[in-house]
Amino acid sequence: MSLRPRAARARAALLPLAGVALWAGCGAEDFDPQSLLSGYRVVAITAEPPTLTLAAESALEVVDFHPADLAAGEARPAVTYTWRLCPLSLGSVTKYACFVDEVPLTADASGRAARVSPAALLAELGDISARLAAEAASAGPLAAPPDLRALEMYVKVTATPAGGAPLEVVKRLTLNVKPDAPLNANPALPADALAVEEVAGQPSTAGGQVKVTLTLPEGAAERYAAGAAGAAEAREELVVAWSTSAGELERAFSFPEDPTVVLTLPEEPQRVRVFAAVRDGRGGVAVRSVDVDVAAGAGE
1 MSLRPRAARA RAALLPLAGV ALWAGCGAED FDPQSLLSGY RVVAITAEPP
51 TLTLAAESAL EVVDFHPADL AAGEARPAVT YTWRLCPLSL GSVTKYACFV
101 DEVPLTADAS GRAARVSPAA LLAELGDISA RLAAEAASAG PLAAPPDLRA
151 LEMYVKVTAT PAGGAPLEVV KRLTLNVKPD APLNANPALP ADALAVEEVA
201 GQPSTAGGQV KVTLTLPEGA AERYAAGAAG AAEAREELVV AWSTSAGELE
251 RAFSFPEDPT VVLTLPEEPQ RVRVFAAVRD GRGGVAVRSV DVDVAAGAGE
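Numbering-wise, my numbering puts 21 at position 21 of the sequence shown, and it's gapless, one number per residue.
Think of the hints as simulated: they come from the structure by calculation, not from any bench.
Mixed in with the good hints there might be a few duds.
[What the hints assert, rightly or not] What follows is a set of in silico ranges between Cβ atoms, one per label pair, in the way DEER data are often shown:
no.: 1; residue 1: Pro77; residue 2: Ala226; range: 43 to 49 Å
no.: 2; residue 1: Pro182; residue 2: Gln34; range: 45 to 51 Å
no.: 3; residue 1: Gly163; residue 2: Ser110; range: 40 to 46 Å
no.: 4; residue 1: Val262; residue 2: Pro190; range: 37 to 43 Å
no.: 5; residue 1: Phe99; residue 2: Thr264; range: 45 to 51 Å
no.: 6; residue 1: Ala59; residue 2: Lys95; range: 23 to 29 Å
no.: 7; residue 1: Asp258; residue 2: Ala232; range: 32 to 38 Å
no.: 8; residue 1: Thr106; residue 2: Ala295; range: 41 to 47 Å
no.: 9; residue 1: Ala200; residue 2: Leu90; range: 48 to 54 Å
[Claimed, not checked] EDC-like cross-link-like pairs, simulated, lysine to aspartate or glutamate; straight-line CA separation at most 16 Å:
no.: 10; residue 1: Lys95; residue 2: Asp180
no.: 11; residue 1: Lys211; residue 2: Asp291
no.: 12; residue 1: Lys178; residue 2: Glu152
no.: 13; residue 1: Lys156; residue 2: Asp101
no.: 14; residue 1: Lys211; residue 2: Glu197
Note that the Cβ used here is the ideal one computed from N, Cα and C, for glycine as well.
Sequences are here, hints too, so could you generate the full structure?
So this is what it looks like as structure tokens:
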């Protein structure tokens with residue numbers, strides 16, 4: 001049986017998850033595409049490691065963008081970050097409502113980074129696995145037993161730039177509650193994974209085009225056990241989500257076999273930042289960015 005339909009279905013399932021779930025506290029009234037960073041935006045929340053365990057903490061960090069980041073000599077306006085963790089939710093089905101009290105997370109001095117300790121969290125909240133099992137049992141014989149090998153938790157960050165509307169960003173984390181459970185890793189990307197080159201016949205000046213290429217090393221996508229012990233290994237289906245501070249991208253998503261996107265440059269000279277967020281569909285994400293200095297056209 002061909003694996004192509006299965007891969008296509010996997011990619012179709014990944015596309016809704018390729019972006020970070022975020023929404024503004026005050027409704028946005030513009031119609032800019034999601035890939036255009038026309039104002040302050042959160043590109044991703046990273047976790048290292050991306051799979052939580054009871055044996056260690058995980059380091060969390062917000063990767064965000066503010067237009068002032070590209071202005072020479074201009075300081076970025078202050079951004080306030082509030083971190084919480086929801087240990088029990090049905091996710092997007094219930095708009096990430098939490099079934100128990102959300103737990104505040106302590107951020108570092110910048111506010112952009114925090115740490116989560118699942119062991120301390122479970123000690124504070126009690127045995128979530130036992131509570132899930134009890135709830136399933138009380139629901140009757142037709143209730144499906146919970147999978148106690150892994151629990152889904154949600155980190156929520158409210159980021160509020162000075163003078164701007166608050167954005168709430170949600171990241172799903174998986175907590176492996178068994179010590180021998182396989183752990184996921186973030187996609188492995190070199191620091192210089194993004195490269196920019198001119199498109200044939202299109203100078204890299206205002207109104208022209210450039211091609212941005214992401215180099216994905218061989219080990220960027222992991223192999224993992226897709227089911228019970230002894231099941232055949234599966235390979236991650238990576239999705240690249242593109243975004244830019246100005247100009248127009250030919251597409252918002254791409255895949256490893258064609259990790260390139262063409263950017264039509266803005267009509268005015270400026271510095272443009274392009275982001276590539278690589279997600280593996282299992283909670284892992286790696287983000288890289290590159291700047292393009294757009295010069296004035298020959299006739300200007």
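Evaluation of the provided hints:
no., hint, verdict
1, Pro77 with Ala226: 43 to 49 Å, "holds, 45 Å"
2, Pro182 with Gln34: 45 to 51 Å, "violated, 32 Å"
3, Gly163 with Ser110: 40 to 46 Å, "violated, 19 Å"
4, Val262 with Pro190: 37 to 43 Å, "violated, 22 Å"
5, Phe99 with Thr264: 45 to 51 Å, "holds, 46 Å"
6, Ala59 with Lys95: 23 to 29 Å, "holds, 27 Å"
7, Asp258 with Ala232: 32 to 38 Å, "violated, 27 Å"
8, Thr106 with Ala295: 41 to 47 Å, "holds, 45 Å"
9, Ala200 with Leu90: 48 to 54 Å, "holds, 50 Å"
10, Lys95 with Asp180, "violated, 32 Å"
11, Lys211 with Asp291, "holds, 12 Å"
12, Lys178 with Glu152, "holds, 14 Å"
13, Lys156 with Asp101, "holds, 13 Å"
14, Lys211 with Glu197, "holds, 5 Å"
In summary, the structure is inconsistent with hints 2, 3, 4, 7 and 10 from the numbered list given earlier, while agreeing with the others.
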